[in-house]
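We have chain A; now place chain B onto it with these hints.
Take a look at the letters that make up each chain.
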Amino acid sequence: MRSLAALAILSLLGSCSPGEADPTGEASSAAEPSPRPTRDVLDATLSELGVSRREGVLSARELRGNRGLMPGEIEEAPGPPAQAEEDAVSADQAPSLDPGLVELRDGLVGMVLSDGRYLETATADVVASRDELAPVLAAGLRDPARAPEDLRVLAQFAQAAPSAPTSAALTELTADHDDPSVRAYASWALVPAAELEGSGPEVTALLRRLKYEQDSLALVWAARTLAAHGNLSGLRTLAAIASAGTEASGSANQQLYDVVRVATGREDVTAEDADRLMADWAAGKQSRDTVAPAALRAEVWRLISDLSGEHFQLRGVDDARFILSRLGPWAAVELGAALEDDDEYVRLHVVQVLERMGPRGGGAAASLQRALYDASDGVAGAAAEALASVAPGSAGAPLIARLGETPPHEVRVALVRGLGRTHAVPVEVLLEAFNGAGAPADLRLAAAEGLLPAGEEAACLPWLADAMTRRFGDPAGAEALVGRWLSGIAKDDPDRAHWALLRPEWEALGPQQAIIHTAEQAQQRRAQRAALLTEQLRNLPGQ
Amino acid sequence: MRIALGIIVLVLASWFFSALIGTPEETASAQTPAEWVSSEQCRECHSQIWDEWASSPHANSWLNEDVRVQSDQFANKDCIDCHAPRPIFETGLGERVLPRSARRAEGVDCLTCHLLPDGKMAGKIDNPRAACQPTTRRELQRVEMCSGCHDQHKTVQQWKATPFAEHNEGCMECHMPYRDGTPKSGRFHTMPGGHYIEMVRSAVTFMGARDDAGDPSVTIANVRGGHSYPTDERSRASDIWWRPLPGDADTLNEAGVAAGGGPWRHLHRIRDPYRHEKDIESTLLHFGESRTLAIDDPDAAGGVEAVLVYKRSPYYRDPETGIAREIDTVTDPFEDAELVHRVTVDPR
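Just so you know, the protein sequences line up as chains A and B, in that order.
Just so we're aligned, residue 226 is where the first sequence starts under our numbering, counting upward by one.
Just so we're aligned, residue 22 is where the second sequence starts under our numbering, counting upward by one.
Chain B extracted, bound-state conformation:
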């Protein structure tokens, strides 16, 4: 009996002291580093979050091949401001970001969002005993955490004009959801966006129909994107292509379209042009907007297969040479784009 009581006391004491000093994860690294020099320092205690971040576009913002080519290996230093920004709590929430000189390869890293000017870390809870000394900063959930970079092309401005803003559903609701749907589990740090085709698919609907006269059309609607579609980078584009419905429209190839179909014809482009492209109008699809496009072509009488594709670069590049092509010369958009949605319209 005494032994059993002793065991119970020992277990209780052990639980009490462990609760007093924090969870094992929080206390894994007892020493506060003399200096924060890398997000690698966060990994030891926060491995799950670190792993999520490491697979995210944020972690890849310095290493991304597209960016490195376009910036001439960052010889164009203007790109550094957003691709390796200084800690946001240092420059100020909602303020323009500034570039940093060190740990650039980590891109938009743990320290960018969490490092406070006093060397502590912004977090959910205060815990002075943890190595990184987290301090409660509710601002972490505000859109201003993201706006320094992501409002450069007015994404946050677009969001502010949607009902999501009225209901205080900010960037995190879609791009950093809770792991199991509850605050207890914490938020995903993969931060999915335009690099995740499933995310893109959830933003828009795409439907095909025939009007009373029997003419086919497709309709795209921005139903769930909390901002314009596409947004942020002018290099993003979304195109609608169509072709006469093939005989066997049900056997799909790797791209997810009819295996035996003919060449595709361009119908519509959704994109915000670069500032030097003065002859191109912005066709961004704003939240809540629905756009119907008639397919006015005799070849469409026998039915239509139409696709909405998403591009992370504005041009269709020749797969052999990499050189940009005129859109009229492209017959297979899937060489340089991803399928978002496909619809078919039956013959008249």
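So here's chain A without its partners, still in its complex pose:
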């Protein structure tokens, strides 16, 4: 009942959801694998949504033209068409702006700056003329000559009288302005924009801030405003800042409390409520209850187009992966559709995004299951890991079925790795892969990744200890795997108490604080850790 209330209240915060079939996203075992016809889904969808691809800063097309550019000569990417139109009316000199309204706006700003007590009066005037003033406020927010204090007042006006033009201008400020207080105010002022018809692009812009924002307070407001727009991916950031003991911690704590309070419908919320809310979001249990606005869908598909091979630089791809993977469960449906595109780059990166979404990406489980048969080994392999991530409870059967068809090595390794991450790890299958005659190191390591947490340490630890001392194979991967396993052993696990005891010694051998070992030091460290493992294996009861 409480979770229902939470869902209802979250929806009031500005969420919505298309009819994604199964937000918890378990793979359908009935889905028959079939050959994958691919097509230009991307351009067709962009066309349907009335938007175009974004040009890369350094596009593949440009590179194919073999044009030499000095760093200073790199042309900046042109903004989206809608943006260009807004820019055209951004200057106060633009003929479409009423000089009288410009004067009114500046008069109100001056009044507030002269005495803060006039804020309420001035804001009331702005609200009274909100429709007429909207383009003028937006132009003011875009004026590069304006001082930060002016912009903060304008942001307060825009917050009181939300509109599409001011939202667009505020969104730009969150990303571009040099003064962090302006970026924080701009994010804050976007909270009520969640109620506007056609809102949405703010969400992707604020998600980008989660990656790049350096100022803690601006980050707090980016995360808080995202929550108001129905996206809870910034809550962990709020929690981290709240517990960091910095100047922004109080603010982060207050905003986190507010979000949890509204979501649960209770005043007496605790840290556990916050943890539960974050866990629910990660599990895909918080979703929109209305269809995503077309503007947000359009922005999502433009981000998907950023993944294409036409963009040469990974910077844009990294950003798109980051943003897309932090969207709500509703986005999985769009991403699943993109898996049918004929661009291998799009398919592979979309699969990576879904893997990072985890259970929130469950709506694309059926599409991922089909992608196990993709013509590209890269896509098929990545799909195996993604399927295990979005639907860990039901991915086992399709992964085992695909493994039984003797796929190429790369896909085989990924299938085995994926199987190890499912809820019911098929130990026999992994042991077979691990012990297979002539099994390459990467396949054995992939199998060990699932075997260790499944309680099969006796089967694979001797090999892992040996692998850590070798120059080739994957000594670092073997070490990292054992380290993760050791740190994940529960304190009260009676079957592994002897391994838990090893943890302090293991950690003491690692690099201290922020020291980065040289290659020789790393080799020595791994040898010592391998010896520690071997010794412990020798001392196991029954050895």
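Don't take every hint at face value.
Over the 12 Å line for every Cβ pair with chain B, so calculated as not near, a few chain A residues [as the list claims (entries may be wrong)]:
{"no.": "1", "residue": "Asp331"}
{"no.": "2", "residue": "Asp368"}
{"no.": "3", "residue": "Pro373"}
{"no.": "4", "residue": "Pro417"}
{"no.": "5", "residue": "Ala469"}
{"no.": "6", "residue": "Arg491"}
{"no.": "7", "residue": "Met503"}
{"no.": "8", "residue": "Ser601"}
{"no.": "9", "residue": "Ala664"}
{"no.": "10", "residue": "Asp691"}
{"no.": "11", "residue": "Asp717"}
{"no.": "12", "residue": "Gln737"}
{"no.": "13", "residue": "Arg750"}
With a cut-off of at most 30 Å between alpha-carbon atoms, the simulated DSSO-like pairs for lysine-lysine come out as follows [stated by the list, open to error]:
{"no.": "14", "chain 1": "A", "residue 1": "Lys436", "chain 2": "B", "residue 2": "Lys299"}
{"no.": "15", "chain 1": "B", "residue 1": "Lys98", "chain 2": "B", "residue 2": "Lys299"}
{"no.": "16", "chain 1": "B", "residue 1": "Lys98", "chain 2": "A", "residue 2": "Lys510"}
Hint data in this document are derived by calculation from the structure and do not stem from the laboratory.
Bear in mind the structure is a predicted one, so any value in this text is a computation, not a measurement.
Glycine included, every Cβ here is placed at the ideal spot set by N, Cα and C.
Structure of chain B alone, referenced to chain A:
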């Protein structure tokens, strides 16, 4: 006589058949593997090349400690695209690279550059009898082989703006030279670059002087780097430091500077900032560019010892804690940098 003739015929026949079926190296492994699963498979026939590659930064791209720490043991999967890329002939020359799911520990390996979509290997010559069935692919020498990763920070773009590009001197001329200077010997697969201080030294000159007024200065020039100095990774930096010339400037310590000198003072940093470092300007030294920096300090009147150092991480880390320090608090750059060049300017 007959016996001698017989021996000659046998030797000739043996030579003829060996020429027919290929060199011993090419035929050492008679069987084409059912599947290419590791660059280890190349080792049996190509041990010299394999050994060179195994000692190269390419082979270390997955195991490199710096990378593993910065990528959180590759939990940041964005790093995989370049640190374990799919075969370039599969994704396309000059196209952006894609990440692979298998043999990641081999980093940028033999298969990354040589495996063709049909399972054969790109090489210098056609030889269908060899186990790996090499096929002549002259594209192996093109800069587009490298650009998928190395143009992410515009290194190839920088190169295109230099005379090296006009003269078709690509990446390989410096980074994969011929073993004995002739095509016959094949190319080194160690691929030296920023990890090899000798390579860095050959890229730039560093000189000290006094102007007509007697004020000291140093000049750095990018004379041989076929791209900007430094290039590729924003984590690379090069710094110029100076200090008053010590009494005994000829006795050098392990770092290669005067043994009895005092603390160093920072003069200039050459680096392309990370994108979030909005308050830092790019000071990359482009090919052909020369930069003179005055040492405007009364302490320099008695002579100057100046050094150019190279860093593979942008910050100077405290040797005890590993934590990055403000550059003004660093007095001994050699704890976390390598000497490229040293100059002295005599007292006025």
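Hints, one by one, checked against the model:
1. Asp331: Consistent with the label, Asp331/A stays out of reach of chain B, its closest Cβ about 29 Å off (over 12 Å).
2. Asp368: holds (20 Å)
3. Pro373: holds (16 Å)
4. Pro417: Pro417/A clear of chain B: closest Cβ-Cβ about 29 Å, beyond 12 Å.
5. Ala469: Ala469/A is indeed farther than 12 Å from all Cβ atoms of chain B, at 17 Å.
6. Arg491: Its Cβ never comes within 12 Å of chain B, the nearest being 35 Å, so this holds.
7. Met503: holds (19 Å)
8. Ser601: Violated: least Cβ distance 9 Å, not greater than 12 Å.
9. Ala664: About 10 Å separates Ala664/A from the closest Cβ of chain B, which leaves it inside 12 Å; violated.
10. Asp691: holds (15 Å)
11. Asp717: holds (27 Å)
12. Gln737: Violated, because the least Cβ-Cβ distance between Gln737/A and chain B comes to about 8 Å, which does not exceed 12 Å.
13. Arg750: The claim breaks: Arg750/A does not keep its Cβ more than 12 Å from every Cβ of chain B (closest is about 9 Å).
14. Lys436/A with Lys299/B: holds (15 Å)
15. Lys98/B with Lys299/B: Holds, because 25 Å separates the two Cα atoms, which is no more than 30 Å.
16. Lys98/B with Lys510/A: Distance ~25 Å between Lys98/B and Lys510/A Cα, so the pair holds.
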